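Mind docking chain B on chain A? Use the hints.
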Amino acid sequence: EDKVVQSPLSLVVHEGDTVTLNCSYEVTNFRSLLWYKQEKKAPTFLFMLTSSGIEKKSGRLSSILDKKELFSILNITATQTGDSAIYLCAVEASGNTGKLIFGQGTTLQVKP
Amino acid sequence: SQTIHQWPATLVQPVGSPLSLECTVEGTSNPNLYWYRQAAGRGLQLLFYSVGIGQISSEVPQNLSASRPQDRQFILSSKKLLLSDSGFYLCAWTSWTGDEKLFFGSGTQLSVL
Numbered sequence: 062e063d064k065v066v067q068s069p070l071s072l073v074v075h076e077g078d079t080v081t082l083n084c085s086y087e088v089t090n091f092r093s094l095l096w097y098k099q100e101k102k103a104p105t106f107l108f109m110l111t112s113s114g115i116e117k118k119s120g121r122l123s124s125i126l127d128k129k130e131l132f133s134i135l136n137i138t139a140t141q142t143g144d145s146a147i148y149l150c151a152v153e154a155s156g157n158t159g160k161l162i163f164g165q166g167t168t169l170q171v172k173p
Numbered sequence: 040s041q042t043i044h045q046w047p048a049t050l051v052q053p054v055g056s057p058l059s060l061e062c063t064v065e066g067t068s069n070p071n072l073y074w075y076r077q078a079a080g081r082g083l084q085l086l087f088y089s090v091g092i093g094q095i096s097s098e099v100p101q102n103l104s105a106s107r108p109q110d111r112q113f114i115l116s117s118k119k120l121l122l123s124d125s126g127f128y129l130c131a132w133t134s135w136t137g138d139e140k141l142f143f144g145s146g147t148q149l150s151v152l
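Those sequence lines, one after another, are chains A and B.
For the first sequence, the working numbering gives the first residue as 62, with consecutive numbering after it.
For the second sequence, the working numbering gives the first residue as 40, with consecutive numbering after it.
So that you can see chain A by itself, here it is in the shape it has in the complex (with noise of 0.2 Å):
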């Protein structure tokens, strides 16, 4: 069965602070691997990785994945208040079902 793992589930950090989160999977004929950031209601796209190694960068944010491994991680470097949301990770199988498959997400509190 696909699943997608992230880690930590949740993360209490103070503001200028720098955060990883982690996202493994096991999935079935790899197509992409895809990072959300979730405020109040639907997700915004952050990053899509299809190939291992090549970081992705926008602004204080970064992602990498590796492909061998079967993980990725988004760091976050000195952290906002703004930051704080729930990030999810999902896999995309090939296939013409276009569907992903989440994590549960993990839960970042920047405080002040």
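Don't take each hint at face value.
[What the hints assert, rightly or not] One-sided excerpt, in silico: chain A residues whose CB lies under 8 Å from chain B:
| no. | residue |
| --- | --- |
| 1 | Lys102 |
| 2 | Pro104 |
| 3 | Leu149 |
| 4 | Glu153 |
| 5 | Ala154 |
| 6 | Thr158 |
| 7 | Lys160 |
| 8 | Leu161 |
| 9 | Phe163 |
| 10 | Gly164 |
| 11 | Gly166 |
| 12 | Thr168 |
| 13 | Gln170 |
[What the hints assert, rightly or not] Okay, the calculated beta carbon distance ranges per label pair:
| no. | chain 1 | residue 1 | chain 2 | residue 2 | range |
| --- | --- | --- | --- | --- | --- |
| 14 | B | Glu65 | A | Gly114 | 20 to 28 Å |
| 15 | A | Lys102 | B | Ser68 | 21 to 29 Å |
| 16 | B | Ser97 | A | Ser68 | 34 to 42 Å |
| 17 | B | Val51 | A | Ser71 | 36 to 44 Å |
| 18 | B | Ala48 | A | Lys172 | 24 to 32 Å |
[What the hints assert, rightly or not] Simulated crosslink set (EDC-like; lysine to aspartate or glutamate; CA at most 20 Å straight-line):
| no. | chain 1 | residue 1 | chain 2 | residue 2 |
| --- | --- | --- | --- | --- |
| 19 | A | Lys98 | B | Glu139 |
| 20 | A | Lys172 | A | Glu76 |
| 21 | B | Lys118 | B | Glu98 |
| 22 | A | Lys117 | B | Glu139 |
| 23 | A | Lys64 | B | Glu98 |
| 24 | A | Lys102 | B | Glu61 |
| 25 | A | Lys118 | B | Asp124 |
| 26 | A | Lys102 | B | Glu139 |
| 27 | A | Lys128 | A | Glu62 |
| 28 | A | Lys128 | B | Asp138 |
| 29 | A | Lys98 | B | Asp138 |
| 30 | A | Lys64 | A | Glu100 |
| 31 | A | Lys117 | B | Asp138 |
| 32 | A | Lys102 | B | Asp124 |
| 33 | A | Lys118 | B | Glu139 |
Calculated from the structure, these hints are not laboratory results.
Small disclaimer: the values here were computed from a predicted structure and weren't measured.
The C-beta atom is built at its ideal place from N, Cα and C for all residues, glycine as well.
Relative to the frame of chain A, chain B by itself:
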């Protein structure tokens, strides 16, 4: 451009009452459509997906059903709600181009009392 509409935003229903949540997509044709549910503070669980009119695949056995009566319309239903049906429901569609695979509606917060 493509947009996705989902309603209502909030719903409070008694146990045993019926449910109908609707989702429509504009600006694209023959999209793959999805219903996800999220328990408080948790990840998204895929409930149903559809690759075309009348084609519904169920991912988990449950008290809910889905229908796709038109190309860009996806409906989530229940004949009798259970307490365990409470949660945040998200409709989504897939873009086959670009990195952003899924586009979500704004969600429905359902409370079954």
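Structure-based check of all given hints:
1. Lys102: 5 Å, holds
2. Pro104: Holds, because the Cβ-Cβ distance from Pro104(A) to chain B comes to roughly 6 Å (cut-off 8 Å).
3. Leu149: At about 6 Å, which falls below the 8 Å cut-off, the nearest Cβ of chain B leaves the hint on Leu149(A) intact, so it holds.
4. Glu153: For Glu153(A), the interface hint holds, since the closest Cβ of chain B sits about 6 Å away, which is under 8 Å.
5. Ala154: Violated: closest Cβ of chain B sits about 12 Å from Ala154(A), beyond 8 Å.
6. Thr158: Nearest chain B Cβ about 6 Å off; hint holds.
7. Lys160: Constraint on Lys160(A) satisfied, holds at 5 Å.
8. Leu161: Cβ of Leu161(A) sits 6 Å from chain B, so the hint holds.
9. Phe163: 4 Å, holds
10. Gly164: The hint holds - Gly164(A) has a Cβ within 8 Å of chain B, the shortest such distance being about 5 Å.
11. Gly166: 4 Å, holds
12. Thr168: At about 6 Å, which falls below the 8 Å cut-off, the nearest Cβ of chain B leaves the hint on Thr168(A) intact, so it holds.
13. Gln170: Result: violated, 11 Å to nearest chain B Cβ.
14. Glu65(B) to Gly114(A): 20 to 28 Å: For Glu65(B) and Gly114(A) the Cβ distance comes to about 39 Å; the hint is violated.
15. Lys102(A) to Ser68(B): 21 to 29 Å: 26 Å, holds
16. Ser97(B) to Ser68(A): 34 to 42 Å: Distance hint for Ser97(B), Ser68(A) is violated at roughly 29 Å.
17. Val51(B) to Ser71(A): 36 to 44 Å: Check failed, 28 Å falls outside 36 to 44 Å.
18. Ala48(B) to Lys172(A): 24 to 32 Å: Taking Cβ atoms as reference, Ala48(B) and Lys172(A) lie about 30 Å apart, which means the hint holds.
19. Lys98(A) to Glu139(B): 13 Å, holds
20. Lys172(A) to Glu76(A): Holds, at roughly 6 Å.
21. Lys118(B) to Glu98(B): This hinted pair holds, its Cα atoms lying about 19 Å apart.
22. Lys117(A) to Glu139(B): 14 Å, holds
23. Lys64(A) to Glu98(B): The given pair, whose Cα atoms are some 13 Å apart, holds under the 20 Å limit.
24. Lys102(A) to Glu61(B): 17 Å, holds
25. Lys118(A) to Asp124(B): 38 Å, violated
26. Lys102(A) to Glu139(B): Satisfied, since the Cα-Cα distance of roughly 17 Å is no more than 20 Å.
27. Lys128(A) to Glu62(A): 18 Å, holds
28. Lys128(A) to Asp138(B): 18 Å, holds
29. Lys98(A) to Asp138(B): 15 Å, holds
30. Lys64(A) to Glu100(A): 23 Å, violated
31. Lys117(A) to Asp138(B): 12 Å, holds
32. Lys102(A) to Asp124(B): Roughly 18 Å separates the two Cα atoms, so the pair holds.
33. Lys118(A) to Glu139(B): With Cα atoms ~15 Å apart, Lys118(A) and Glu139(B) stay inside 20 Å; holds.
In summary, the numbered hints that this structure violates are 5, 13, 14, 16, 17, 25 and 30.
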